[in-house]
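Undergrad: Build the complex: two chains, separate frames, hints provided.
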Amino acid sequence: MGLIRFLALRLGKGILVLFAIAVLNFLLVRAAPGDPAQVMAGEAGAADAVFLEQLRERFGLDRPLPEQLWVYIKGYSTLDLGFSYRQQRPVAEVIFERLPATLLLTGAAFGLSLVLGVVLGALAARRVGRASDSAITVAALIFYATPLFWIALMSQVVFSLKLGWLPNVGYETIGANLTGAARALDIGRHLVLPAVTLGLFFTALYARMMRASMLEVAGADFVKTAHAKGLSPAVVTRRHMARNAILPVVTLAGVQAGQLVGGAVLTETVFAWPGIGRLMYEALVQRDYSVLLGVFFISSAMVILFNLVTDLLYRVVDPRIEGGA
Amino acid sequence: MPSLRIATAAAFVSLLALGSSAGWAQAPKRGGTVHAIVTPEPPMLMQGLSQTGPTNMVAGNIYESLLRFDEKLNPQPSLARSWEVTDGAKVYTFKLQPNVKWHDGKPFSAEDVVFTLDKFLREVHPRWRPIANAQVEKIEQLDAETVRITLKQPFGPLLFAMEVASAPIVPKHVYEGTDYKANPMNNTPIGTGPFKLKEWKRGSYIHLVRNEDYWIKDKPALDEVFWQIIPDAASRAVAYETGKVDVLTGGSVDIFDVPRLAQLPNTCVTTKGWEMFAPHAWITVNHRNGILGNKQFRQGLMHAIDREFGKDVVWNGYGKIPTGPISSKTKFYSDDVKKYDYDVKKARDLIKQSGYKGETIKFLALPYGETWTRWAEAVKQNFAEVGVNLEIVTTDVPGWVQKTSDWDFDLTFNFLYQLGDPAIGVSRSYVSSNIAKGNPFGNVGGYSNPEADKFFADAAVAATEAERQTLYTKVQQILAEDLPVLWLLEMDFPTIHRCNVKNLVTTAIGVNDGFRDAWKE
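Protein chains in written order, with our numbering: chain A, 65 to 389; chain B, 12 to 532.
Note that these hints are calculated values from the structure, not bench results. The model shown is predicted, which means the values in this text are computed figures rather than measured ones. Worth double-checking, as some hints may not be accurate.
[Claimed, not checked] As a list, the in silico DSS-like pairs of lysine-lysine whose alpha-carbon atoms are at most 30 Å apart:
no., chain 1, residue 1, chain 2, residue 2
1, B, K209, A, K226
2, B, K513, B, K112
3, A, K226, B, K531
4, B, K192, A, K138
5, B, K117, B, K83
Pulled out of the complex, with its shape left as it was, chain B reads as follows (with noise of 0.2 Å):
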């Protein structure tokens, strides 16, 4: 049997990595209290019902899952130590972490990883129940400490399913024989993670504290966390600066107060902690109206677009200009496309040969914040310099995803994460496959190419990475080309944090699992 021993070695890696962490700067002192802010309010913590940015915050602290990602999305140890691909990529065996217990101090064993992947996220996850269904043989337990997951063909992003939000795993002897979406249970999350919810007075804050029976030694650091909610984001950033509060979350204040807050003193931002998610902003075409399914004319109102401008004064500086589809904070992206310089001269010209006669477009808003309506305004002014008559429609953020979802727009913003790998978080916005209503985060635009939906598929199930290489490149250049949607930015969210707040974004999510290793000076 040929064996990718690519386990042992990233394990070893980690190994060196959290024996250095503790020596190359201070040891972590323990104790201490962190006040940080989650926004909006998540509607539940039991993170294999909800995946919510806001649950997945709170409760990745609460929660574990087999892999945890570094910031240059390379798996590490969590709840399993070590992992084996064997088989032609289509054998997956993780070794599990001894003398785990579950918050109610049940001990912890392969068949909660087996319960977990094999019938409660199949049920209820939407992200982990199409690849179960698609991708995988049967998941099995060898022994107490090893699961074994076989594949129908190898799937490349499979470890990346392995996420804290993608698949935490759930207690067996909790779940077992009931209804999920109703078990009380889901009120009192039992994890096995660093931290367990203590309380959570709604409206008002999340409290979580030490769990002194966590299976790595000495940690975490830090006796509670304290999760605040407060609605407002100016209010939020007085917070902060009142010293109430010492951690802002990405997203959690407006990005035109981050240079304001930066200046601070002890304060320290970072744009680290996304690259799991690496959100890709761009304006979604609906390709069945009119003109919009011309290549022509979108190649047109890409060149007319100023996106420099859009990052560097509505983002405050913040992002990147993409070049397709695939975020440059991934794997698997290549900058050998086409390009779209801001070109008043050469998007007139285009739009002109496309047979545009001055029809209203109807751009419909994210009603996202102010940052996003200052966009949309950019926007519409681009597009008039080069004579595109476009109509601001606005609607509240249920009526955006039933209009979205129904494809009732000609135009809209979106931002999607990409979720590691662009199988999981690429494809779905563009294979014809996903052209389906009541969904906005399907293929919505209806865009169409059979030679893309091939590449994408091949990609998917491709053995090595280098083959999967091959075929992303050719995507991104047919999208290139054809520009399904507008792509505007790779966006950045800035946490904000006391400097003493130490080791506080050390992986690929961030806050959503970083209490394990932060402390406080």
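Bound-form chain A, shown alone (with noise of 0.2 Å):
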């Protein structure tokens, strides 16, 4: 099957998948109890029946629940993500100015788990059973095993509060008007604790796989072939061994890549960080509907477009591989 046919099957797929999310997501926010009118005057402590009126008929939650499902839909066919009445700003311009904060965390998280991940796991396997197998092992599942926030909180208390080495929350200093490369070394300080948290996770996952994985791939009689032809130990793992050890890790990559958007809630929260999922977060608190369905809308795009990706991954690291819509 040719590429492009592969290509425009998968993107017509993905657009009638995409819609049917979204209506969804429609229907299920609004099975949640509580509007934003009421959220808004539960805030304000006060509130009369005018003032609630007002705001629901400002926010177009006074008409019926089809009208406003067309009207989300019409918005969304043009690309138009509606406008959020609590913030009194478009839905794009809220969710993109969030978006390069998170980027950069998720980014960064994603990188560092996979090159530590694929390096640790392919170490570990050429010296099972050893020290620093048990090593690295041990290690890869305390982190996989312990909850994120309890991390997240600890890092704080060592990194920053006992050693005073790193900024325990935020983007950057604040106040400080830095410009340039001062400012970059800034962000990456502030970056450090919350990136490595996050990565963590998946570091342990990446290297659970790929040492499986490499000594699956051990046995294999190509393996010993490629060792018989008298090949140095180090060349076997890296042409022929890793090279087939590592779809699995492709696979995971591909729905790690897919939540680059929106999988970070407890992070950026713990650390302050001002990205895609502390937006989401508060807009399901607040009922902000409009955004809501923005950054839902977003991430499942992510994840269909990186389900993609990975699939044309496939083919460039396993050339035997034709893609099957």
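TA: Next comes the structure, spelled out in structure tokens:
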């Protein structure tokens, strides 16, 4: 099957799925108790019937539900994500101003965990049964099993409070007015704790998967052949084993990459990182429907996109694979 | 025309205060930056349109109203330099400060005040609207510096309605003839206050800078204030400990962290600056649901709750046990009422007499964090001791608001601000005219007593403070007997700050308008 046909089919399916998700999201969000007008009244500690009526009219909540759904679908079909009445700004603006921070965090965590996970996993596999293997396996198990928020808080206590090495919250030093390289360095220092915290979990996953996969490949005939040919163990590991063992890791990486946009709620909250995950959580708590649906839409679009990219990558990593749509 | 000249006296006192505050301590040092916490992130900073706690905290330093209030709730000049109450307390005349400019450089005048009170807030403000419609006959401009409000009848709390969250003065030239709620200027608020909005980096901080044209010479002292937004309470505490933040505003860290933070060097803790709000916590009782409509049963429950334990253990000793609906921190409080000590035997007797047969009572928890959860568990234990079965129902904030508004609960926690005067902040929870679905701050329990209704109504419009006191004392006696709700705590929200941030809390709303006078050593 040709690449073009494959892509066209997958994209077509993707758009259908996206549409279904959008409708489902709309209904799900509305199933939660309370509405944005009630939340705002609750926060204000004061309200009367007129106040709630005014808000509902403004938010369009006084219209029948099918009509609201229609307005929403119509808007999305022209890539108009709507308007957040709570923030008094277009949803696209609200989301896109948060995107860079999130991509920086999740991207750094992604890169860190992928590289570290693959290297550690391969290393553990080569030294299977020895002390270094045990150390890597135990560490991976610990980080896999420990709740993220606990690691997040403890890292703040140790590295910010006790040692004073790194800032505990935020994206950059507020009020420092840094520019250029100094600002990049400052953001980098703020990035370390959240990125490592977020990355550790996936590092553990990749390491475990890579190790298991390497060990499976180690017994294969072509590896024995490579050794018999007299290739050095390093070359066999790199060129013959790793290349074959990495396929399941690519699958998992595809899943993680799909979450690059929406998957860091907890880390962003604990480290006060001004990203999309927090935006989504706050929109949920505030029943800011339009922002919530906007984030859902963009995250699901990313998942679909990265699934496609992963499938394309399979072909590169392993040319034997012909993508089936 | 008989004239009550309270205004001149108050203005004189406050001039003394202004003069002396500079005199008795060191002179305020000019310059410096303060980092404070605001949590959660405010939805917007246009104070006329949003009355959420976080909005008020930041915007009270951008906008101003006619009056400020000291810690004893006495009115002080702000945009009004003096005021006069005449005609049997029916006519209020406010003299405005001269030479006040809006943040965009346009001059401020009586026109703005009349527009704000008569048009803008009457349309959008949930607390001013009912006052304006029920009490006010007309609001007019006498000259560029004078505004007169004529009432239909005397209305004791009118001056309290001139506080900045209740009546922030907004610029007529920005809002007249526009759709107020859709005005694009709502995102770049224009006030007359000591600070201007420089930048709002969503999710990170709100940056205020000194208003160089502020109408009080040499104020504010601070160059800038950053309101930091940090969503996690434990991270906020660490941010203070590591020096990122100078001021932890009330409620921004868990109450059990306060004693630990208070031990840190250069750290001051104060519970002042909340007198206007005087948050009053209680268990709302749904009188419609079976046994809960029975007075003896409610009295039994009140005796069953160990309120001292709640205060000392759950709230770490902060707060005071209330005796009735009116907070002892505000005016018109009386302790000449029936009291309910913690007495398991009395509780058991009363509950037995009430005819309670062991039915399960559902307690809707308040989803405002760890402390409230612990408190709910403590109450459950107290009730279990006297044989009352409590089932705790959990939800999130919107769910709580909806269930409370729709009367879908047996018992639930709530805490309400008293807002300076019982006619504004107290009566709303007990009068039968306020029994309506759709609003969590009405009389959601459905308590109804014509006698109490009448005393509340009369007290609001009584001409003198003495008459009002008599009526409010009677109301407190009736309610303490009936127990429409179970009062638990006059809450304190301690503000933690570095001691070298001086003069931060000097009014009844604390940091909400405190940066005008604050300075950094």
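Undergrad: Take the hints in turn and mark each one as holding or not.
TA: To see whether the hints hold, each was checked on the structure:
no., hint, result
1, K209(B) / K226(A), "violated (34 Å)"
2, K513(B) / K112(B), "holds (27 Å)"
3, K226(A) / K531(B), "holds (27 Å)"
4, K192(B) / K138(A), "holds (25 Å)"
5, K117(B) / K83(B), "violated (34 Å)"
Checked against the numbered hints given earlier, the structure breaks hints 1 and 5 and satisfies all the rest.
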